[in-house]
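Residue numbers (the numbering used here), protein chains in the order written: chain A, 1 to 138; chain B, 1001 to 1138; chain C, 2001 to 2138.
There's no promise every hint is true.
What the hints assert, rightly or not - For lysine to any residue, the following SDA-like pairs were computed, each having C-alpha atoms within a straight-line distance of at most 25 Å:
(1) C:Lys2074 to B:Arg1061
(2) A:Lys30 to C:Asp2111
(3) B:Lys1074 to A:Gly58
(4) C:Lys2074 to C:Arg2127
(5) A:Lys30 to B:Lys1074
(6) A:Lys2 to C:Ala2033
(7) A:Lys109 to C:Met2001
Stated by the list, open to error - Covered stretches of chain C (chain A as the covering partner; in silico rule of three or more C-beta atoms under 8 Å from a C-beta of chain A):
(8) 2016–2025
(9) 2035–2041
(10) 2074–2085
(11) 2101–2111
Derived from the structure by calculation, the hints contain no laboratory data. For clarity, every value in this text was computed on a predicted model and none was experimentally measured. By construction, the Cβ of each residue, glycine as well, lies at the ideal position given by its N, Cα and C atoms.
Read off the chains here:
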Amino acid sequence: MKSYRKELWFTTKTRRAFLNITPTIEECLKESAIQEGLLLCNAMHITSSVFINDDEAGLHRDFERFLEKLAPEKPYDQYDHNGYEDNADAHLKRTIMGREVVVAVTEGKLDFGPWEQIFYGEFDGMRSKRVLVKIVGE
Amino acid sequence: MKSYRKELWFTTKTRRAFLNITPTIEECLKESAIQEGLLLCNAMHITSSVFINDDEAGLHRDFERFLEKLAPEKPYDQYDHNGYEDNADAHLKRTIMGREVVVAVTEGKLDFGPWEQIFYGEFDGMRSKRVLVKIVGE
Amino acid sequence: MKSYRKELWFTTKTRRAFLNITPTIEECLKESAIQEGLLLCNAMHITSSVFINDDEAGLHRDFERFLEKLAPEKPYDQYDHNGYEDNADAHLKRTIMGREVVVAVTEGKLDFGPWEQIFYGEFDGMRSKRVLVKIVGE
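Isolated chain A, as found in the complex:
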């Protein structure tokens, strides 16, 4: 059994952002030389997500509105977590979008359907944060 590990670092310019990280994950997989196995990609911070969906700007605006409706950023004092911090909404938004994805690795490639793309979802950005890529197989 082989295993591979890499940390990816991101600093978004806005509080919230969606970044398509599929090409970077594909490079990791190539570097690992793993042909068959499972790839785990997870946010290492608890106010961001890794998820799979469509790379379409309209849909990303829909996600933003959807998340703001379910877990609005403001007013900050609606959340017990806020006070010293102001990011309670980011913890909730990340919960809806998910911490991690597990992807099948087949013949050295991400075993994806036609439109699957991996995104980093940032909900409390403008600082340096990490994503973990771990690949296990042979």
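Guided by the hints, dock chains B and C onto chain A, whose structure is given.
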């Protein structure tokens, strides 16, 4: 390390549907002859889900109402993603229900609690769509 | 390839509770002697969750309010699943919080960011329920 891969195809008669796919996944596991490891089952499309919950028709109607409250299908023009397509709500519903499940394989069986069943959740159906089963272990 | 399996049992004193189970999972990992691989931790019941977030009491109260807003416990008769049972809301809450986490194992440790902690999320407690830990690697 052994690995096994299979695509399952589904065409639902309605836009939304929940299908219990546990027996099919159990057949895949038997076919793989893997005794110890991890099984990944994921939707290959971004408007459908694979999730684990109860096989109870009342609960499935509750899920339908719950998802329609959080991410209503209509009016279509409330979503920026719609226009050429009308399935923005399906992308959001799938996000709540999840893309994938990872299940432990122990002594050649799905290592499940008493009521766990695997469902395919379709949110934009009436066309042929795929689920991936990948099993890794030995 | 090595594999390790353990069931953890929990009985909460309240219908809903969040328990930090990270130390127990770390003991399992030590017991497994696995250095590199993947750790799956999942609720074996369909009205509870395993998720990763912050160990902060204010945030946990925010989660409680957030979940009650999206899937309120009462009135019980708003749900088709209820009647013989009264836990439809717990099935929905667990769906939002997630069934499982997959964690990278690196050099014999949970490969975590600075604030990641694993929680058992109970939504229909006051009875004995189980969590599965499965570790695969070498």
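Of the hints given before, which are not true for this structure? Violated hints: 5, 8 and 10; rest satisfied.
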